[in-house]
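Following the hints, complete the assembly by docking chain B onto the known chain A.
Here the protein sequences line up with chains A and B, keeping their order.
Going by the working numbering, the first sequence wraps up at 986, each residue one higher than the last.
Going by the working numbering, the second sequence wraps up at 1029, each residue one higher than the last.
Everything labelled a hint here was simulated from the structure, so no lab data went into it.
A couple of the hints might just be wrong.
[Stated by the list, open to error] Once the Cα atoms are required to be at most 25 angstroms apart in a straight line, the calculated SDA-like pairs of lysine to any residue come out as: (1) A:K757 <-> B:E1009; (2) A:K703 <-> B:S1010; (3) A:K703 <-> B:A946; (4) A:K703 <-> B:E1009; (5) A:K703 <-> B:L962; (6) A:K703 <-> B:R1026; (7) A:K757 <-> B:S1010; (8) A:K757 <-> B:G972; (9) A:K703 <-> B:R934.
What you are looking at is a predicted structure, and each value in this text was computed from that prediction instead of being measured.
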Amino acid sequence: MAVDALLQPVVLFFLLGALAALARSDLAIPEAVAKGISLYLMMSIGLRGGGEVAESGFTHDMLLAGGAGLALSFLLPLPAFWLLRTLGKLDRTNAAAVAAHYGSVSVVTFATGSEILRQAGMAPAGFMVGVLAVMETPAIISGLLLARTAGKDSLAPRGGLLHETFLNGSVILLLGSFLIGLIDGKEGLKAVAPMFDVPFRGMLCIFLLDMGLIAARRLMDRRALTLRTVLLALALPVMNGSFGVVLGTALGLDPGSAAALGILAGSASYIAVPAVMRLALPAADPGLYLGMSLAVTFPFNLTLGIAFYGWLAALLAS
Amino acid sequence: MTETIHRRRIEVLADEPLIPAIVALAAEAGIVHYTLLPTAGGAGAHGRWRDDQLSGATAKVMLLAITSQDHAAAFIDRLAPLLESHHLLLMCSDVEVVRGRKFD
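Just chain A, same shape as in the assembly:
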C-alpha cells in the first residue's frame, strides 16, 4: 500500500510542486484559484459524506466515531504540549499554539487519505466527514487554555475569538455541505455530481500541486524551525495517528474508518487554526506553527503517514 500510495497522481503532483519550488522554478498557482479550489474540495467532501450518511442512516458507529473525534481533538494537544515544552524546548505560548495545530485536522490530508484508502479497497464510512468537522475546533480551545494568556495581550475581543473559533469558514462550509448532502441524499446529489463528484480527484491534483509549492517554499524559509521541532513534527503525527487507529479499531469501526480516524488524529491544521492563533496568541511565532504543520507534517502524512495508518488499521483488523 505504501508504494501504491506514493504513486497516486495526487501525491505525485504534490511531489512535483515541492520539487519545482526546491528548484526555484517560477511555477505558481494563482492564490485566488487555490482558495477557490480549497472551498470546492470542502463542499465536495461535505456533500459526498452527507449523501453517504443519508443512505446508511445514523448508526451506533457514527456516534462512537464522533465522540472519539471530539475527545481526540480536545485531548491530543495535551501530550503534544508536554513534548513541545520538554523535548522541543518551546516556551509556553509557542508550545500551546503548536499543540492546538496537532489536535485539529487537515481537510486536504483527509481528502487525499480517503482517496488512497478508497483505491486500496478500504473506503472510510461517509460519517467520517462529520468527524472531520467535529475535530476542527476543540483543539483550539485546548490550545488557548494551555497558553493561559489568550486575549490578555491580544487585539482580539473575547467575542471575536469565539466567533473565529466556532464560525470559521471551513467549519461552516464542511458542516453546511454535509447537511445539504444529508437532506438531498445520493439520488438528489446526482444532479450536481458532474461538478462535485467527477472532477474531485483532478481538482485535488491541482490543489496538491499548489500545496507542494507552498510547503517546500515554507521549508526553504525555515528560520523558525530547529532540528528538535522538525523531529517532533515527524513524531507527533505518528504518535497521534497510531493512537487514532488503535482507538478506532477498539471502538469497532471498520478498518477504513479506523484508518481515517488515524489520518485525522495524525494530521495538523494549517488553515483554520493558524488564523485563530495569530489573533489569540500573537506572541506565538507563525513561522514555527505553520512551518511544523505545513512544511513537515503535511508532506510526511501525504507520502508516508497515510499509508502507515492504513497498514496499521488493516493489521489490527486482521
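Just chain B now, kept in the frame of chain A:
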C-alpha cells in the same frame, strides 16, 4: 490656486487576521475612513512572507488612513503598545490633501 490642508497619513502593515481588530481600534480613535491594500510579499525581521490566502495567517494587509492630528495621535497611543507583540509596522507622515473636511 487650489487650497490644500495638512493632515496625517497613517499606514499599518499587519497580518490579515488582525485587521478587523485594528480597524476597530482606529474607529475608537475617531478614524472611520480607511483603505485596505493587499500585498504580494516581502521580507522583514521575522523572515520572508508571501500573500497566502490558504490560511491567511501570515498574509499581510496595509491599512491606509488620512486623518487629523488629534485622531492620528489617539490611534498611535492605542496601537503603540501592541507593535512588538503583534509584529506590526506603523508609519505616520504629513501629507497635504484637497478637500480637508473629508479627512477629519
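Fill in: Holds or violated: A:K703 to B:S1010, with C-alpha atoms at most 25 angstroms apart
29 angstroms, violated
Practice prompt. Please work out if A:K703 and B:L962 have their alpha carbons no farther apart than 25 angstroms.
Written response: Distance ~18 angstroms between A:K703 and B:L962 Cα, so the pair holds.
Worksheet entry | Given hint B:A946 paired with A:K703 - CA-CA distance at most 25 angstroms | 23 angstroms, holds
Discussion item. Can you confirm whether the C-alpha distance between A:K703 and B:R1026 stays at or below 25 angstroms?
Written reply: Cα-Cα ~40 angstroms, so violated.
Fill in: Satisfaction of hint between B:E1009 and A:K703, Cα-Cα up to 25 angstroms
Status violated; Cα separation ~30 angstroms.
Worksheet item: Given the hint that A:K757 pairs with B:E1009, does the C-alpha gap stay at or below 25 angstroms?
Response: At roughly 23 angstroms apart (the allowed maximum being 25 angstroms), B:E1009 and A:K757 satisfy the hint.
Fill in: 25 angstroms Cα cutoff - pair A:K757, B:G972
21 angstroms, holds
Discussion item. What's the verdict on A:K757 and B:S1010, does the C-alpha distance respect the 25 angstroms limit or exceed it?
Written reply: Answer holds: A:K757 to B:S1010 is near 20 angstroms, not above 25 angstroms.
Worksheet item: A:K703 and B:R934: Cα distance at most 25 angstroms?
Response: 33 angstroms, violated
Of the numbered hints listed earlier, those contradicted by the structure are 2, 4, 6 and 9.
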